[in-house]
Amino acid sequence: MRLQFVLTEVLHGLRRNASMVVSVILVTFVSLTFVGAAALLQMQVGKLKGDWYDLVEVSVFLCPEGSTAPTCADGEATDKQIDAVEQVIDTELADVVDTTYFESKADAFESFTELYPDGYQGTQLTEDDMQASFRLKLVDPEQYQVVADVLEGRSGVEVVEDQRAVFEPLFVALSRASMLAAGLAGVMLLAAVLLITTTIRLSAVSRRRETGIMRLVGASNLFVQLPFMLEGAIAALVGALLAVGGLWLAVQYLVTDWLQDAVDWVAYVDVGDVLAVAPLLIGIAVLLAVVSSVVTLNRYTRV
Amino acid sequence: MIRFENVSKVYARGARPALEDVTVDVARGEFVFLVGASGSGKSTFLRLVYREERPTGGTVYVAGRDLSRLSSWKVPSLRRSIGVVFQDFRLLPGKTVYENVAFALQVIGKPRHTIKTTVPEVLEMVGLDGKEKRMPHELSGGEQQRVAIARAFVNRPQILLADEPTGNLDPTTSLGIMRLLDRINSTGTTVVMATHDDEIVNEMRKRVVELSTGAVVRDEANAGYGQREPILPAVGQTPVLDAPGRDAPARPPRVRVTPEPADLEAERAAEVAAARATPDDTPDDPTAPHVEVPAHAEPVEHDSAEAVVQRVLRERDTATAARAGREA
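Chains as they are written, first to last, in this note's numbering: chain A, 1 to 303; chain B, 1001 to 1328.
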């Protein structure tokens, strides 16, 4: 009886305030789409990092002939110096470094000629123009700084380079985009809160006669307020479901069906990730509705 | 049942108090008229009883509860033991008669089968049997007030508060409403009614509490309305008011009010329902207040709507004549 009565009241309210309810749905839809997009971008960044950081290495370039670096004052790195560096990598950095690979000048020249068979920008280079290096694969790619601290400044080591730096601009761009989406989402969420508040208030005012009688005959606060809360929650929930649907379509058609085919060597977010974000979006929607209704109802339907 | 102890109510800081040091005790099953000019504090008194307002001083006890200590989440339970009727009926325009009454039970979570049996009972009691499907705007004022009373009474409250329930109704219809309230009172419900209607008060001979600018100035059992307060200041001789032909104060032309046939019908139906219910519901109880009710409570006298009209008009004529006699 009670449930049925409350649901009838809710339906009544939704129908009476149809245009406001639609606007609440649209605003939550748009704002939650932004929230979801921000979350998916973050996930994409995570995926790329996971994927690419497995491939990247730390290069320890050894002094070549004629280097101006202070550690290379003695000229080209000697075998002794190379052994000393390898010793340090094997002992001090044993926990950090997963695998070590020494690329001699000959190896470097080989891979160079493979990449540029006709020389680099018209200049034919020789093996002596190459630079010997240690290629270190780290257990955790984030621990680059430890390696750099230990090895930089040692004699025979010209520079320690993190290949991750190559990807940084891309990650920075993706992070900024995700932050932008989050910022827009914040603004839209604020709009959603205000709109839900207004809608509930309108609904409460237009049903003042009913609520007045309810109070008069002794209906409990919860019973009086529940229909309004449910109205707000339903509208917000529909908005959240639309946002999930929108993101699902976007990921399915833009990423999985199109981007994946065009650029296939990158790991992308998929619809599974959208489903992972969905509970977050629905949770935010319900939270929005609850917060706005509690604030509004306390002001407009109290005794 | 209702006890006011030195109750004061000031709405705005610095304003004249709406009630000042009011001490009144209403016993269970009593019928009390609250009279006084507009603004004398009658409505405030009632609002304090159902805790729409809280006193600024003193204590209000209702049905054994100290309202100043009643936490706000217990207010609903207090209000379930109080029915309230207003001058403007306050029905829901989009709901039928039945739905309006059922609404009061639905919102306090009564089960459906209870509603199905209780609502028709109370509608029969107020004389609206067969009008369940009407909308409020299809009803006369008297019938609408009956619906409002049915809604207030459907949960069988211990107390029924009525704030000028006859203020919008013609005298005959008012009489019907009064008899309904009297009948409700005779089931043991305490009735407190704020009113301006001197005729009703004089006819019913119940306890009268008179308020004036927020203070109790009279509290009498079996009393009448009392002296009306002079509204206008005494005016000296004026050429207009004392124009020739006016020196013998002529009786103002009488406005004849013919009550809505529907109201009379409802009253008759209620009467019949009461007659039918009396033998079963209230067995021999010599203390039951309905025994004191004047002869008009007996249904035999009112076998037709026309008879009610005739009787009422007769009574009014006598009353007017008596008043004219007093004035002369």
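In case anyone wonders, no lab produced these hints; they're calculated from the structure. Even glycine gets a Cβ: it sits at the ideal position worked out from N, Cα and C. Incorrect hints may appear among the rest.
Stated by the list, open to error - Just some of the chain B residues that point at chain A, by a computed CB distance under 10 Å:
{"hint": "1", "residue": "Val-1024"}
{"hint": "2", "residue": "Trp-1073"}
{"hint": "3", "residue": "Pro-1076"}
{"hint": "4", "residue": "Arg-1079"}
{"hint": "5", "residue": "Ser-1081"}
{"hint": "6", "residue": "Pro-1093"}
{"hint": "7", "residue": "Thr-1096"}
{"hint": "8", "residue": "Asn-1100"}
{"hint": "9", "residue": "Arg-1112"}
{"hint": "10", "residue": "Met-1135"}
{"hint": "11", "residue": "His-1137"}
{"hint": "12", "residue": "Gly-1141"}
{"hint": "13", "residue": "Arg-1268"}
{"hint": "14", "residue": "Val-1272"}
What the hints assert, rightly or not - Computed cross-link-like contacts, SDA-like style, restricted to lysine to any residue with a CA-CA straight-line distance of at most 25 Å:
{"hint": "15", "chain 1": "A", "residue 1": "Lys-80", "chain 2": "A", "residue 2": "Val-45"}
{"hint": "16", "chain 1": "B", "residue 1": "Lys-1133", "chain 2": "A", "residue 2": "Arg-208"}
{"hint": "17", "chain 1": "B", "residue 1": "Lys-1095", "chain 2": "A", "residue 2": "Phe-109"}
{"hint": "18", "chain 1": "B", "residue 1": "Lys-1116", "chain 2": "A", "residue 2": "Leu-3"}
Tested hints:
{"no.": "1", "hint": "Val-1024", "in the structure": "violated, 22 Å"}
{"no.": "2", "hint": "Trp-1073", "in the structure": "holds, 7 Å"}
{"no.": "3", "hint": "Pro-1076", "in the structure": "holds, 4 Å"}
{"no.": "4", "hint": "Arg-1079", "in the structure": "holds, 4 Å"}
{"no.": "5", "hint": "Ser-1081", "in the structure": "holds, 8 Å"}
{"no.": "6", "hint": "Pro-1093", "in the structure": "holds, 8 Å"}
{"no.": "7", "hint": "Thr-1096", "in the structure": "violated, 14 Å"}
{"no.": "8", "hint": "Asn-1100", "in the structure": "holds, 9 Å"}
{"no.": "9", "hint": "Arg-1112", "in the structure": "holds, 5 Å"}
{"no.": "10", "hint": "Met-1135", "in the structure": "violated, 15 Å"}
{"no.": "11", "hint": "His-1137", "in the structure": "violated, 14 Å"}
{"no.": "12", "hint": "Gly-1141", "in the structure": "violated, 18 Å"}
{"no.": "13", "hint": "Arg-1268", "in the structure": "violated, 28 Å"}
{"no.": "14", "hint": "Val-1272", "in the structure": "violated, 28 Å"}
{"no.": "15", "hint": "A:Lys-80 <-> A:Val-45", "in the structure": "violated, 42 Å"}
{"no.": "16", "hint": "B:Lys-1133 <-> A:Arg-208", "in the structure": "holds, 24 Å"}
{"no.": "17", "hint": "B:Lys-1095 <-> A:Phe-109", "in the structure": "violated, 91 Å"}
{"no.": "18", "hint": "B:Lys-1116 <-> A:Leu-3", "in the structure": "holds, 17 Å"}
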